[in-house]
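> With chain A held as given, fit chain B onto it using these hints.
Number of protein chains: 2
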Amino acid sequence: MSEVIEKAKKANAAKEEFVHQTTENKNEALSLIAEALRSHQDDILEENRKDIEMGKEKGFSPALLDRLSLSPERLNDIADAITLLIKLNDPVGDSLETIRKENGLLIEKVRVPLGVVGMIYEARPNVTVDAATLCLKTGNACVLRGSSSAINSNKALVRVIRAALDNSVLPKDAVQLIEDTSKETAKQLFTLNDGLDVLIPRGGKNLINMVVRESTVPVLETGAGNCHLFIDESAQSAMAQQVVINAKTQRPSVCNAIETVLIHENWADQHTKDLLQKLEEAGVKIKGDQTVCELLPSAEPAEELDWETEFLAPLISIKTVKSLDEAIRHIHRYGTRHSEAILTENEENARFFLTSVDAAAVYHNASTRFTDGFEFGYGAEIGISTQKLHARGPMGLEALTSSKYIIKGNGQIRS
Amino acid sequence: MSEVIEKAKKANAAKEEFVHQTTENKNEALSLIAEALRSHQDDILEENRKDIEMGKEKGFSPALLDRLSLSPERLNDIADAITLLIKLNDPVGDSLETIRKENGLLIEKVRVPLGVVGMIYEARPNVTVDAATLCLKTGNACVLRGSSSAINSNKALVRVIRAALDNSVLPKDAVQLIEDTSKETAKQLFTLNDGLDVLIPRGGKNLINMVVRESTVPVLETGAGNCHLFIDESAQSAMAQQVVINAKTQRPSVCNAIETVLIHENWADQHTKDLLQKLEEAGVKIKGDQTVCELLPSAEPAEELDWETEFLAPLISIKTVKSLDEAIRHIHRYGTRHSEAILTENEENARFFLTSVDAAAVYHNASTRFTDGFEFGYGAEIGISTQKLHARGPMGLEALTSSKYIIKGNGQIRS
Chain A
1 MSEVIEKAKK
11 ANAAKEEFVH
21 QTTENKNEAL
31 SLIAEALRSH
41 QDDILEENRK
51 DIEMGKEKGF
61 SPALLDRLSL
71 SPERLNDIAD
81 AITLLIKLND
91 PVGDSLETIR
101 KENGLLIEKV
111 RVPLGVVGMI
121 YEARPNVTVD
131 AATLCLKTGN
141 ACVLRGSSSA
151 INSNKALVRV
161 IRAALDNSVL
171 PKDAVQLIED
181 TSKETAKQLF
191 TLNDGLDVLI
201 PRGGKNLINM
211 VVRESTVPVL
221 ETGAGNCHLF
231 IDESAQSAMA
241 QQVVINAKTQ
251 RPSVCNAIET
261 VLIHENWADQ
271 HTKDLLQKLE
281 EAGVKIKGDQ
291 TVCELLPSAE
301 PAEELDWETE
311 FLAPLISIKT
321 VKSLDEAIRH
331 IHRYGTRHSE
341 AILTENEENA
351 RFFLTSVDAA
361 AVYHNASTRF
371 TDGFEFGYGA
381 EIGISTQKLH
391 ARGPMGLEAL
401 TSSKYIIKGN
411 GQIRS
Chain B
1 MSEVIEKAKK
11 ANAAKEEFVH
21 QTTENKNEAL
31 SLIAEALRSH
41 QDDILEENRK
51 DIEMGKEKGF
61 SPALLDRLSL
71 SPERLNDIAD
81 AITLLIKLND
91 PVGDSLETIR
101 KENGLLIEKV
111 RVPLGVVGMI
121 YEARPNVTVD
131 AATLCLKTGN
141 ACVLRGSSSA
151 INSNKALVRV
161 IRAALDNSVL
171 PKDAVQLIED
181 TSKETAKQLF
191 TLNDGLDVLI
201 PRGGKNLINM
211 VVRESTVPVL
221 ETGAGNCHLF
231 IDESAQSAMA
241 QQVVINAKTQ
251 RPSVCNAIET
261 VLIHENWADQ
271 HTKDLLQKLE
281 EAGVKIKGDQ
291 TVCELLPSAE
301 PAEELDWETE
311 FLAPLISIKT
321 VKSLDEAIRH
331 IHRYGTRHSE
341 AILTENEENA
351 RFFLTSVDAA
361 AVYHNASTRF
371 TDGFEFGYGA
381 EIGISTQKLH
391 ARGPMGLEAL
401 TSSKYIIKGN
411 GQIRS
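Quick mapping for you: the protein sequence lines, in order, are chains A and B. Take the first sequence: its letter number 236 is residue 236 in UniProt numbering, and every next letter is one higher. Take the second sequence: its letter number 385 is residue 385 in UniProt numbering, and every next letter is one higher.
Extracted from the complex, chain A is given alone in its bound form (with noise of 0.2 angstroms):
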């Protein structure tokens, strides 16, 4: 038996294990192993050192590295929130509707956990304890399938996690680590409707572009974030020069943040130029439409890849459009679907615009640095999702959570 079917199968068994647990059991389990994660630190760390080495001698680049790298604060940081995910509401069991029929049957629909979680990832080890405690508080067994890079860090990982939940009531098979990194393992996830009931993917576009096309296990997709703000004729300069700057530099590397900006043609050349400026101040590069690169000559004349890019970096597309039509029309163009943002003083072009526009959040008068699972309160992010079925934007445990009727009744038939 393959090392994909194999795991997949104890999964399963776990899971069925899991269904009776309750929010006690659970948070024991969760508590022990924040312990345990402490407690190993050392070994960890040992493990987590060979996989820094191996990707130094594949000429890895220092961000990839850094990704790579755990040290004591940052396991610390992952015990944490543990800590912290052992407080927040256990979602399975909550009742979703109540309904009571004429002839005594008692309908009632509640939340359940998905069953097993399978989830392909890159590089971060920290996604490993993020993943598996995430699943275990929501009563989800797991298969986890990470990089390559990072699998002597996962094996120790898994290692510390699988031997905390041996010291608890909760079945340690619950978490299961796919150890064969070759490509074929990852083809075998996606094919795996028997022993899977969700796939999720986290990492680059070009990963979750290939579990979409090729999984037909159910997909929670995560997707990327070629955000836009559009800045109408009536918004005032000094907010716009505070909301772009935040989010385009606040934190580049991230879905949530801004990549091209669209300015209404009738706004004041004078706010243009002092946007343009203070971007230029904080380090942007800009590419512009002609008008942007007459009004500043440093920019680069921005090219229709620009506008399709998601830079990660401290990078912007600026482009002048004629209405809020053409916004909206850019953006469903060119957006994901991810966060969209408009600055206006306008009500009514304001309510035209988050009707309209198609996205997980969107904004009026604000950074759209706010789509984020802790921002919203959630307490806990599994990531954000952009596709439209089961879970839309930022996903906390709900989202690892599906439902499903129980119903009590003294013999009744259908007439």
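Just to be clear, a hint being listed does not mean it is correct.
[As the list claims (entries may be wrong)] Taking lysine-lysine and the BS3-like style, the derived pairs with C-alpha atoms no more than 30 angstroms apart in a straight line are:
(1) B/Lys-87 / A/Lys-109
(2) A/Lys-205 / B/Lys-155
(3) A/Lys-58 / A/Lys-101
(4) A/Lys-101 / B/Lys-278
(5) A/Lys-408 / B/Lys-322
(6) A/Lys-109 / B/Lys-205
(7) B/Lys-87 / B/Lys-187
(8) A/Lys-172 / A/Lys-58
(9) B/Lys-155 / B/Lys-187
(10) A/Lys-155 / A/Lys-10
Simulated from the structure, these hints should not be mistaken for lab results. Computed from a predicted structure; not experimentally measured.
What follows is chain B alone, placed relative to chain A:
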């Protein structure tokens, strides 16, 4: 441009207009459609007769011809269903969550249409009207791809619907019918991720499996029902007879009818004998294990395939099991996670069964035939989902919606 691409483009243009329509506008359009279906009855029936003729020439079975047939009564029922649909609550715009942050940001999660719904379905022309009107009620544009056997009926129905929309304020392009019913157009829809927000197959297992396997567009799966009923040792004999007969014979051709009965070996032989006799009297053919065949000599021995098959006919497979656990294992091995029932007077066993069995609907002491949108009080049904993401069980209008976060501020930035 191919027909599929062209019509998907039109549907997408209509979708952008559609998000600004009110419930009143949508209901008025639905009312015009109901009226038009009544006043154009003759034209529609004439086109339907062509399909029937074609079907006869091709040697369709009487059952299939029946599914294909329209009549004045059936058209009236279809129009009446629209009148009922008008009275249902419009879920679009419902507020699902309101978060007020300390910095003054107001975050609201509201229901929005899915966008453009693709629908691939088989012979029944009533699905054309069902799909179009359910989509219109929820603010969705739709691209319909019915089967070649119903093409004349479908064209006539969509002509009438679009003409009615033309007299309303809704965009008539919100309803599109693909007239080329070659396999090629279905396949084009499978990968039209730019043009469809969701794809819903309605029809037999083969159609649904093909869509799940080949589609990269997110799928709302409506699945088959290989449903079980487990008779625990403490089950009442009279209740068992009543519920089993109902769940099997009240309408054997539907997905929530049972296909297999599992009987605890400690249930009295006399009870089993009585049940088997009642089933035979009700015209049900029995395939059983050794115990069953010994008690009822006219029963045929069940084979492996019989446990897997959704008979959809007056035919049932019956097996004796040693324990509740064995019953659950059998259900998980052969079931399709649709509707599963236990008959027992033991509350602890009921609780264990309801928690353990992984299905959209689980029953204690009642017939599985209640798994139905109308029975649950949803007023309309798009199908019964056996998947776990987005919607599970009977899908009402809400299953045709997504959500969106609308965030209003006055210049808030993230620190």
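> Compare the structure with each hint and give your call.
To see whether the hints hold, each was checked on the structure:
1. Simply put, B/Lys-87 and A/Lys-109 have alpha-carbon atoms about 24 angstroms apart, close enough for the 30 angstroms limit, and the pair holds.
2. Under the criterion of a C-alpha separation no larger than 30 angstroms, the hint pairing A/Lys-205 with B/Lys-155 is inconsistent with the structure, at around 40 angstroms.
3. Proximity of A/Lys-58 to A/Lys-101 is assessed by CA-CA distance (about 65 angstroms); at most 30 angstroms being required, the pair is judged violated.
4. Distance check on the hinted pair: A/Lys-101 and B/Lys-278 sit about 28 angstroms apart at the alpha-carbon level, within 30 angstroms; holds.
5. For a cut-off of 30 angstroms, the pair hint linking A/Lys-408 to B/Lys-322 stands: about 24 angstroms separates their Cα positions.
6. Our distance criterion of 30 angstroms between C-alpha atoms is met by A/Lys-109 and B/Lys-205, whose separation comes to about 26 angstroms.
7. Straight-line distance between C-alpha atoms of B/Lys-87 and B/Lys-187 comes to about 36 angstroms, which puts the hinted pair past the 30 angstroms bound.
8. Distance restraint check for A/Lys-172 and A/Lys-58: the Cα-Cα separation of roughly 34 angstroms exceeds the 30 angstroms cut-off, and the hinted pair is therefore not satisfied.
9. Taken as a hint, the B/Lys-155 and B/Lys-187 pair is honoured in the structure, with Cα atoms around 20 angstroms apart against an allowance of 30 angstroms.
10. Proposed proximity of A/Lys-155 and A/Lys-10 is supported: the alpha carbons are some 17 angstroms apart, at most 30 angstroms.
Of the numbered hints listed earlier, those contradicted by the structure are 2, 3, 7, 8.
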